[in-house]
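Put the two chains together into one complex; each comes in its own frame, and the hints tell you how they fit.
Here is how the chains run, residue by residue.
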Amino acid sequence: MGMPRLRQAYTPHPVVDQSATHLRAYIDGSDAISGRPFMQEVLDGLTSPLEQEDLQGLSFERTTPRLVEPETEDNLQRIFVENRWTDMLPIILPTEARVEAMLEGTSHPPDKIVGRLRPTVFREFWEFDVEKVAVNAVMAGARPEYFPVILALAASGITARSSSTTSFATIPVINGPIRNEIAMNTGIGVMGPYSHANATIGRAYGLLSQNLQGGSVPNESYMGSQGNWYAYTAVIPEAEERSPWQPLHVQKGFKPTDSIASIFFGGWYTHAGYGPRATWKEKMRHALAAVEQYSPPLFVMDPIVARGFVDLGFDTKEKLIDWCAENALLTAREYWDNQSVQLLRPKAVAGIEPYASRLKAHPDEVIRIYEPSEITIVVAGGETQGAWKMISGALRATVSIDAWR
Amino acid sequence: MSQQITVHDPRGYPPKVVGKRLAPRLTTLDGKTVYLVDCLFDNTDVFMEQLRQWFAERLPAVNVRVIRPQKTWSDDEAMRAAIAADGDAAILGVGL
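Respectively, the protein sequence lines represent chains A and B. Taken in order, the first sequence gives residues 16 to 420; the numbers are from our numbering. Taken in order, the second sequence gives residues 6 to 101; the numbers are from our numbering.
Source of the hints: derived by calculation from the structure; they are not laboratory data. Glycine residues also receive a C-beta, built at the ideal position from the N, C-alpha and C atoms. Hints should not be assumed to be uniformly reliable.
Listed next, the in silico DSBU-like pairs over lysine-lysine satisfying Cα-Cα at most 30 Å (straight line) [to be verified]: (1) A:Lys-270 to A:Lys-375; (2) B:Lys-21 to A:Lys-127; (3) A:Lys-296 to A:Lys-334; (4) B:Lys-76 to A:Lys-375; (5) A:Lys-270 to A:Lys-127; (6) A:Lys-267 to B:Lys-76; (7) A:Lys-362 to B:Lys-21; (8) A:Lys-404 to A:Lys-334; (9) B:Lys-37 to B:Lys-25; (10) A:Lys-298 to A:Lys-270; (11) B:Lys-37 to B:Lys-76; (12) A:Lys-267 to A:Lys-362.
Away from chain B, derived, C-beta distances all over 12 Å, residues of chain A [claimed, not checked]: (13) Phe-143; (14) Thr-331; (15) Asp-337; (16) Ala-347; (17) Pro-369.
In isolation and in its complexed conformation, chain B is listed as follows (with noise of 0.2 Å):
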């Protein structure tokens, strides 16, 4: 039992990861149009309704605006055409 062995490493091989930047940051909230992601996970919607609330009582100056993708766990570039073309953020949720 104390003899060395050489085994196989079972992994995989996984892929290159090539940076990106983020996006520019907004100075201001106000008067800017923020886009609530809705990703159709079960209850996000209560979740981004409530999200939406809170920035109707608390920061009113913000342009609130709920939106969500044609399918679930997939990438709709409409929706995302809709918020590049009039949104100043976006916040995706709920994640998992």
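In isolation and in its complexed conformation, chain A is listed as follows (with noise of 0.2 Å):
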């Protein structure tokens, strides 16, 4: 910002979820950092004159260095850590001929600028070229083939380390043919540990988004309170070949030739289930009520799930999402109790609707919490068991995979 001597007052964390009396003991007690009375720093903040360093700000200008200076593989390693360049599991030294090896894996120059990351919306962007996102992949374990994939993830302009306080991780769903072209696994085990491909195309997401944004450090960077293991790695490719429906991109109006990432802002929550078996109206029911209602349901359906839809009726996506839609209910009470609800409130108050018309509600009423066009589905499984999930998963943003080929 410039203003290294913005004056700034600290409450003790946190503020949500605190009554008025607590919250009024904050202020009435002292500063969480300068142990001074609280008020008394927003006061001087505001009329203690200003010294010859506020009237300056501070300029200037950093640099990463293309480099790390030569030492010993394990101290590498050490330092990498040290450094918080990693996710604390061990990496593949990003040498200089194995990630110019993975430069082989796009057509684009390595000075190209891929685009812009941070940490959340009120920190500076970070930007970075192709190359720098190699450096990354290689750390992942990554291969040449996956490169433009994991290039599309981080053009995205979505970072996979989010700060927010509430631990979202980032899972993107993969279409076309790059899932086939470099063996993606949309089986057995989709969602585990049992893809390469899989395992560091998510891996690399990770990574890159937090040393291209310029880190994600625990009260730094990273403020969130319970972490998430879907930020170790998380991608899914849709089974498109086994699945009796359109897959995502086609629904989203691209061809099926076409290879398509879709990123996913969520992980916070995942329900999961069998069937559709006799009770599978109340089963869905009762997990749409159950979830945290400001971040929409991503189902991943196993096959055996999708196609038990489809002899119920819904041999469409569409139509089993608007039956999700219209099933998803709370009362306008449980609705505005939500802590992260409480961010849409701005939206209903101006006029915006559905948001307003949930406001309107008596508290009683019992409201819908989701629109259709939240709701996603895709399929993929092994087929061994009719299993599907219900992951938290709101669509940030849809990039194309070919043009970083």
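Here you go:
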């Protein structure tokens, strides 16, 4: 910001879920950093005279070198961990030869700018080129043929290391021919540690996010209270060939021959079920009512489940999505009591639908909590079980993988 | 394992930081209008109301007004213009 002497006063954490009495105690108490009376910090901030350094601000340029000083392999592994350039698991050291090999996976030049990322909306963007993405892809253990997928994720502008206190993760769904070209697994163990491509592409997305955005350091640039296991690696290639429905990217208007990454922000909750069994409607209604309603559901259905729903008359994803939207219900009281839904209240007050109607509803009135456009279904799984998962996931970006071949 | 090797630095490129001076300070808050900017995060409205009450009880000569942007996590130019039009100071909160 160029204002290192910006005047700030610090309350303790948290502010959310605290009573008025508790928050008043923060105000009457001490600044959490300086230890001085909190309100003294506030009043001094407004009235104490400016000094010369306050008038100047601070201008400077920073650089990051292309190479790290030569060291032994053991020392480099340690340096990468100490600098928080890893996910705390061992990495493949990005030697010049390995990075050069990774760059063979794309036609784009190493110095081409790919995009910008930041941990959260009020932080600065950092920029990066193809070579920097390749460095992180190497670290994750990815192979050059995966590189167009990794570049597309990097170019999305959506970080996989969000600093939200809610500990969101970022989950890409991959569609199109690239899945088979690089042997992504859509079958048994699709969301588990059983595919080199799935595992390393998801890991690369996390590593590149934290390193190319300027870090993901707890208490500095990462504030997720509980963290998120999906953040280690999460990527879902859709089982298009075994699905009775249109693949996700075709639903969104792309051709079946396009290779597309759809990026979902969520991973906050996960429900699971079987079926569809005789009581599937009750099960689904319970699950939809139990979500954190700020984050819509991304369903991942085994092909057995998808075919089961077709047998029940849901011959398109859209029909099942419509049913889910009609049956995702809460009382207005429950809906508006959710912590994160509070962030939607300004839209409701401004008259933006459907939030305005939800706010007008009597607290005991049962309201719909999602629009069909917010709900996603993809098909993946090994057909050893009629299993489905419902994962928190809001679609944030759709990017072409072909553009990065 | 003792052989030295050269590897790439994995970090991106940070932006240039351009210094900005702080706004002039007030010599007194008496008779001045101070805006409390509610950033709209959960429970911030409760905190800001407590802050408003603190001023009302302890510094009643200060004219304190709570104001909110139209949307969460966005720069609301109209709100900033409103503060600039008749405000003498602003307190933004609660940050994360």
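Status of the hints after comparison with the structure:
1. A:Lys-270 to A:Lys-375: 41 Å, violated
2. B:Lys-21 to A:Lys-127: 19 Å, holds
3. A:Lys-296 to A:Lys-334: 14 Å, holds
4. B:Lys-76 to A:Lys-375: The hint holds at about 18 Å.
5. A:Lys-270 to A:Lys-127: 27 Å, holds
6. A:Lys-267 to B:Lys-76: It holds: about 28 Å lies between the C-alpha atoms, which stays within 30 Å.
7. A:Lys-362 to B:Lys-21: 34 Å, violated
8. A:Lys-404 to A:Lys-334: 18 Å, holds
9. B:Lys-37 to B:Lys-25: 24 Å, holds
10. A:Lys-298 to A:Lys-270: 34 Å, violated
11. B:Lys-37 to B:Lys-76: Holds. Lys-37 of chain B to Lys-76 of chain B sits at ~27 Å (cutoff 30 Å).
12. A:Lys-267 to A:Lys-362: Given pair Lys-267 of chain A, Lys-362 of chain A holds - Cα atoms ~26 Å apart, limit 30 Å.
13. Phe-143: The claim is violated: Phe-143 of chain A sits with its nearest Cβ about 4 Å from chain B, within 12 Å.
14. Thr-331: Thr-331 of chain A is indeed farther than 12 Å from all Cβ atoms of chain B, at 34 Å.
15. Asp-337: Per Cβ check, Asp-337 of chain A is outside 12 Å of chain B; nearest 29 Å; holds.
16. Ala-347: 17 Å, holds
17. Pro-369: 16 Å, holds
This entry does not satisfy hints 1, 7, 10 and 13, going by the numbered hints stated previously.
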